[in-house]
Amino acid sequence: MLDLNLIREDAKAVTEKLKKRNYEVDFTELLLWDKERRELLVKVENMKAERNRTTEEISRLKKEGQNAEEKVSEMKRLGDEIKQLDEKEGALDEKIKDFIARLPNIPADDVIAGGKENNKMISTYKERPNFSFKIKDHVELATTLGLIDYERGVKMAGAGFWAYIGTGAILEWALLNYFVETHIKDGYEFILPPHILSYESGFTAGQFPKFIDDVFKVESEEDTVRFLLPTAETALINFHRNEILDEEDLPKKYFSYTPCYRKEAGSYRKEERGMIRGHQFNKVEMFQYTTPETSDAALEELIKKAEDLVRGLGLHFQTSKLAAEDCSASMAKTYDIEVWIPSMEIYKEVSSSSNAKDYQARRGNMKFRRKTDKKVEYIHTLNASGLATSRIIPAILEQYQQEDGSVIVPEVLRKWVGVDVLKPKK
RNA sequence: GGUGAGAUGACUGAGCGGUUUAAAGUGCUAGUCUCGAAAACUAGAGUAGGGGUAACUCUACCGCGGGUUCAAAUCCCGCUCUCACCGCCA
Numbered sequence: 537m538l539d540l541n542l543i544r545e546d547a548k549a550v551t552e553k554l555k556k557r558n559y560e561v562d563f564t565e566l567l568l569w570d571k572e573r574r575e576l577l578v579k580v581e582n583m584k585a586e587r588n589r590t591t592e593e594i595s596r597l598k599k600e601g602q603n604a605e606e607k608v609s610e611m612k613r614l615g616d617e618i619k620q621l622d623e624k625e626g627a628l629d630e631k632i633k634d635f636i637a638r639l640p641n642i643p644a645d646d647v648i649a650g651g652k653e654n655n656k657m658i659s660t661y662k663e664r665p666n667f668s669f670k671i672k673d674h675v676e677l678a679t680t681l682g683l684i685d686y687e688r689g690v691k692m693a694g695a696g697f698w699a700y701i702g703t704g705a706i707l708e709w710a711l712l713n714y715f716v717e718t719h720i721k722d723g724y725e726f727i728l729p730p731h732i733l734s735y736e737s738g739f740t741a742g743q744f745p746k747f748i749d750d751v752f753k754v755e756s757e758e759d760t761v762r763f764l765l766p767t768a769e770t771a772l773i774n775f776h777r778n779e780i781l782d783e784e785d786l787p788k789k790y791f792s793y794t795p796c797y798r799k800e801a802g803s804y805r806k807e808e809r810g811m812i813r814g815h816q817f818n819k820v821e822m823f824q825y826t827t828p829e830t831s832d833a834a835l836e837e838l839i840k841k842a843e844d845l846v847r848g849l850g851l852h853f854q855t856s857k858l859a860a861e862d863c864s865a866s867m868a869k870t871y872d873i874e875v876w877i878p879s880m881e882i883y884k885e886v887s888s889s890s891n892a893k894d895y896q897a898r899r900g901n902m903k904f905r906r907k908t909d910k911k912v913e914y915i916h917t918l919n920a921s922g923l924a925t926s927r928i929i930p931a932i933l934e935q936y937q938q939e940d941g942s943v944i945v946p947e948v949l950r951k952w953v954g955v956d957v958l959k960p961k962k
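Sequential numbering from 537 applies to the first sequence in this note's numbering.
Errors might be hidden in some of the hints.
Said to hold, decoys possible - Straight-line distance between alpha carbons at most 25 Å, and here's what the computed DSS-like set of lysine-lysine pairs gives:
#: 1; residue 1: 840; residue 2: 857
#: 2; residue 1: 633; residue 2: 571
#: 3; residue 1: 907; residue 2: 789
#: 4; residue 1: 656; residue 2: 555
#: 5; residue 1: 789; residue 2: 556
#: 6; residue 1: 584; residue 2: 633
#: 7; residue 1: 691; residue 2: 607
#: 8; residue 1: 556; residue 2: 652
#: 9; residue 1: 633; residue 2: 619
#: 10; residue 1: 670; residue 2: 959
#: 11; residue 1: 857; residue 2: 656
#: 12; residue 1: 789; residue 2: 633
#: 13; residue 1: 911; residue 2: 788
#: 14; residue 1: 753; residue 2: 799
#: 15; residue 1: 656; residue 2: 579
#: 16; residue 1: 598; residue 2: 579
#: 17; residue 1: 556; residue 2: 633
To be clear, the hints were calculated from the coordinates, so they are not data collected in a lab.
Please build the complete structure, drawing on both the sequences and the hints.
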């Protein structure tokens, strides 16, 4: 959520900055509402002050046994008027808050304007693998190696679902073990959160109200909405909602493993077959709560951690800095790590590392107290996948495939997988 | 699922229509005293939003939302959560 003061002070500048992400907004109406609301506030607060004074007077008169009837009826009239103005002010306040809640975050100054086409590749690891034979895609490999059952996944749940079977499940679990082990070693606290969250949690993350149709709602009795989390970030951002933390307790570093549930409505494409885009996938998510002055450095740390995980697997990947429009609505700055999928000849995201700055903190009312002057300020929040498996498995299968249809297991995973090479079933 | 009790500031805890601008204690921060500390004493200290160049001042907040009243932490209704006991259950 953006700071209303920012818009009051220089609406034009905010409009300009949001244009970087191709977001058009006109604040004229909002500023009128705000002006009207503030005028109402002054008026109604003066009336309340008057009521408070008179109430004390009535109290005193009664105690002295004097007649207070006249004052009482006067206050009755004033009370009615206050109630009316209060309601008006409340309605305006609601309108203003809703308007602001729908605005995306302002891109950081160093973020390039425009859409996807302006994403900037900043580094790569390893060369693109060259194959001297005709390569298979990951769907074929996963099927012939007996790792994933796509057909039965669809039978059980419909399109966009699959099942890990046998060694495939073991490989998936090995990846998760590898991620978890690394994060624990790096001093991040492991949290297994609830998977079904409340509306409030979705609001803080920035999912709601705008993107409520992108999630699976599981319960909607009257006004309670619960939904399956689309990423563990949605849970972790709410861990400290409505809290004031101490500066010396920062940064808070967490990570979670959860499946992620996404509707992905209408986003299916032919080339995204297999497990490139599903309604449910496994992901380990890193998360940090930091002070404003340390959040940039924290973002660097998160990116490096995510890159190290992919490097550890020996996969060819690139890291890109996203242009403004490609950053999700809550984020001021985002870097993607994209792994090479040989059969598609494209890079696919396996990790997204972002700094939300104070955008989510405002939505969830999360602050910290300065050690020096005891003042409270909004905290900064950051998240990064570390990592999502649903594209790592295709990348491993395809990048490590051999001519005979077998696949070499990355060394770091062998202690869990138990074999060095995955061989086709006869 | 049932019954009962409860939710007050950093914490413990009083208040149950109008001397509450929320008692008292603990803890916290300054200061006095001290070589230093402890003790004692003095003062200060929440969050949010307005107004004012400023000193300052006003409003709201006693789990959340409504209601009654001239006036609500206090009375009424709904909700949420916590605790205890009972039932059911992996």
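A quick look at each hint next to the structure:
| no. | hint | in the structure |
| --- | --- | --- |
| 1 | 840 with 857 | holds (13 Å) |
| 2 | 633 with 571 | holds (14 Å) |
| 3 | 907 with 789 | holds (19 Å) |
| 4 | 656 with 555 | holds (19 Å) |
| 5 | 789 with 556 | violated (31 Å) |
| 6 | 584 with 633 | holds (24 Å) |
| 7 | 691 with 607 | violated (76 Å) |
| 8 | 556 with 652 | holds (12 Å) |
| 9 | 633 with 619 | holds (21 Å) |
| 10 | 670 with 959 | holds (17 Å) |
| 11 | 857 with 656 | holds (5 Å) |
| 12 | 789 with 633 | violated (31 Å) |
| 13 | 911 with 788 | holds (19 Å) |
| 14 | 753 with 799 | holds (10 Å) |
| 15 | 656 with 579 | violated (53 Å) |
| 16 | 598 with 579 | violated (29 Å) |
| 17 | 556 with 633 | holds (23 Å) |
Of the hints listed earlier, those the structure fails to meet are numbers 5, 7, 12, 15, 16, in rising order.
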